[in-house]
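Undergrad: Protein chains in written order, with numbering that gives the first Met the number 0: chain A, 0 to 221; chain B, 0 to 221.
Just so you know, these hints were derived from the structure itself, not from any lab. Mixed in with the good hints there might be a few duds.
Because identical chains share one entry, a pair is satisfied inside a single copy or across any pair of copies.
[Unchecked claim] Listed below are the simulated SDA-like cross-link pairs for lysine to any residue, each with C-alpha atoms no more than 25 Å apart in a straight line:
no.	residue 1	residue 2
1	36	135
2	76	142
3	116	73
4	218	47
5	76	183
6	76	23
7	100	23
8	187	45
9	194	47
10	76	65
11	76	124
12	36	142
13	22	59
14	22	95
15	100	53
16	116	212
17	76	122
A quick note: this is a predicted structure, and the numbers were derived from the prediction, not measured.
Protein chains: 2
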Amino acid sequence: MWTLHQFPLCPFSRKVRILLAEKDVEFAMQLAYPWEKSDELMDLNRAGQTPVLSGERGGPLVDSTVIAEYFDETVQKSPLMGSGASARAEVRRLTIWFDQKCYAEAVNPLLLERMYKRLVLRQPPDARMLRVAGQALAQHLDYIEYLLGERRWLAGGSFSLADISAAAHLSVADYLGGLSFDGYPDAKTWYSTIKSRPSVRRLLPDRMEGLSPPQHYDKLDF
Amino acid sequence: MWTLHQFPLCPFSRKVRILLAEKDVEFAMQLAYPWEKSDELMDLNRAGQTPVLSGERGGPLVDSTVIAEYFDETVQKSPLMGSGASARAEVRRLTIWFDQKCYAEAVNPLLLERMYKRLVLRQPPDARMLRVAGQALAQHLDYIEYLLGERRWLAGGSFSLADISAAAHLSVADYLGGLSFDGYPDAKTWYSTIKSRPSVRRLLPDRMEGLSPPQHYDKLDF
Ligand SMILES: N[C@@H](CCC(=O)N[C@@H](CS)C(=O)NCC(=O)O)C(=O)O
Ligand SMILES: N[C@@H](CCC(=O)N[C@@H](CS)C(=O)NCC(=O)O)C(=O)O
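Excised from the complex, chain A in its bound form (with noise of 0.2 Å):
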């Protein structure tokens, strides 16, 4: 069986959570912290980065998109990528809108100042810096907002490794008390249509030790 090498509030173990539930692969979790990095977390990948995956045929598989396309070439269940060549573009440039550009900009200030501050640096989380992140929340919701004027997913029509990225991001944001849906309706059915998909339901109960999460935040209906 293969090994999920995460830690709860990192986006890109979620991607691979919600990712290898919908495809319905089993996979048992291992808790790694990137910033401790151990030598075993070393050894698997030399990057010292979460998630890795380890276990089955040969080597360990190494970050998240790497891990999609893995796995959406080998398991035909709920196809993720899109079909034709440019609907594959589209689902592969917002992952990597969000993967990057949502994750520097939002998510990673966010985590730092409420995450890594809290308990590994044990000092307070600097305002500012929060609210530079949550400006730049808002203008990635404004653009799911756009994207879903157009669309029913957010790369096209069907439910992709896009919405799950998105949704990867924006759970780890709204665990630390940055998402508001105020003036985003579309973006809020999308994102409480995707709480309710299993995949996802499944890893909202997780806690990351030391620091809860907002009362809503594993509600359905927020």
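Since the structure of chain A is provided, determine the placement of chain B with the ligands on it from the hints.
TA: Just chain B with the ligands now, kept in the frame of chain A:
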């Protein structure tokens, strides 16, 4: 025909130029400096980044890896992603390694210090940053040397997108005077083989206005 929106020292644009040449796909080029955030570039790519490939069927293609996957799916000549799901995972892992880690730690700082500060900010480079970038680049050469101890090409037995990506980033570092293969004989041989491929040779005469490369830069025997 396709049009590639790029600038000569953008490593991701170089990656696309090399892969399109390997695939025998014709394209025109148009200069775009992302820091100018022109309306044209922003309309093509909301992320405001180069490269973008516009022109044929459907919307523009954004992001170097999205472009690579698109042409690997649509053009049979010169498969670049590896064959079999595990080999493909390794090609993608290493491509991301160079595009994210090597770029962030070494190539982007070099571009900032030696290109952007000189051409746009009109400031001298920061010697400390150059030293840190140089050390990071050496670690990436170390890793290339290690990989080539076991493999003919970076991701295995065949030339792949991982080699293209690595060569694109290293060639930009080389243009900026930041690359030395002293102590890395296998990496040097690999890079010299890559440099002699027509796809790569074709881009070495390119110059960034206002910035000259060192003498050895476009020599095959360096
Ligand atoms: N491209 C990677 C990114 C993974 C990533 O950035 N993980 C974070 C934790 S959420 C990490 O390990 N950060 C520590 C580091 O980058 O050194 C993926 O998609 O899996
Ligand atoms: N993931 C993108 C990265 C492209 C990228 O970072 N391009 C740089 C120029 S080399 C850029 O546009 N930087 C400006 C910015 O990020 O705003 C790709 O693979 O194409």
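Undergrad: Against this structure, judge whether each hint is valid.
TA: Hints, one by one, checked against the model:
With identical chains, the CA atoms of residue 36 and residue 135 are at most 25 Å apart between copies only, with a shortest distance of 18 Å across copies and 29 Å within one. In this assembly of identical chains, the alpha carbons of residue 76 and residue 142 never lie at most 25 Å apart, being 29 Å within a copy and 37 Å across copies at closest. Proximity of residue 116 to residue 73 under the C-alpha cut-off of 25 Å is found in neither arrangement, the shortest distances being 40 Å within a copy and 47 Å between copies. In the homo-oligomer, the alpha carbons of residue 218 and residue 47 never lie at most 25 Å apart, since the shortest distance is 33 Å inside one protomer and 36 Å across protomers.
Taking the shortest Cα distances, residue 76 and residue 183 never come within 25 Å of each other, neither inside one copy (32 Å) nor across copies (45 Å). With identical chains, the CA atoms of residue 76 and residue 23 are at most 25 Å apart within one copy only, with a shortest distance of 8 Å there and 34 Å across copies. Neither within a single protomer nor between protomers do residue 100 and residue 23 lie at most 25 Å apart by alpha-carbon distance, with minima of 29 Å and 32 Å respectively. Proximity of residue 187 and residue 45 under a CA criterion of 25 Å is satisfied inter-copy only: 22 Å between copies versus 38 Å inside one chain copy.
Proximity of residue 194 and residue 47 under a CA criterion of 25 Å is satisfied in neither setting, with 30 Å inside one chain copy and 31 Å between copies. Proximity of residue 76 to residue 65 under the C-alpha cut-off of 25 Å is found in both arrangements, the shortest distances being 18 Å within a copy and 23 Å between copies. When the C-alpha separation of residue 76 and residue 124 is checked against a cutoff of 25 Å, the pair qualifies neither within a copy, at 43 Å, nor between copies, at 53 Å. Only between protomers do residue 36 and residue 142 lie at most 25 Å apart by alpha-carbon distance; the minimum there is 18 Å, versus 35 Å within a single protomer.
For a Cα distance limit of 25 Å, the shortest separation of residue 22 from residue 59 inside one copy, 19 Å, qualifies, whereas the shortest one across copies, 30 Å, does not. Both within a single protomer and between protomers do residue 22 and residue 95 lie at most 25 Å apart by alpha-carbon distance, with minima of 21 Å and 24 Å respectively. Taking the closest pair of Cα atoms, residue 100 and residue 53 come within 25 Å of each other only across two copies (22 Å); inside a single copy the shortest separation is 27 Å, beyond that limit. In this homomeric assembly, residue 116 and residue 212 come within 25 Å of each other (Cα to Cα) only inside a single copy, at 16 Å, whereas the closest approach across copies is 43 Å.
Taking identical chains as interchangeable, the C-alpha atoms of residue 76 and residue 122 are never at most 25 Å apart, the minima being 45 Å within one chain and 55 Å between chains.
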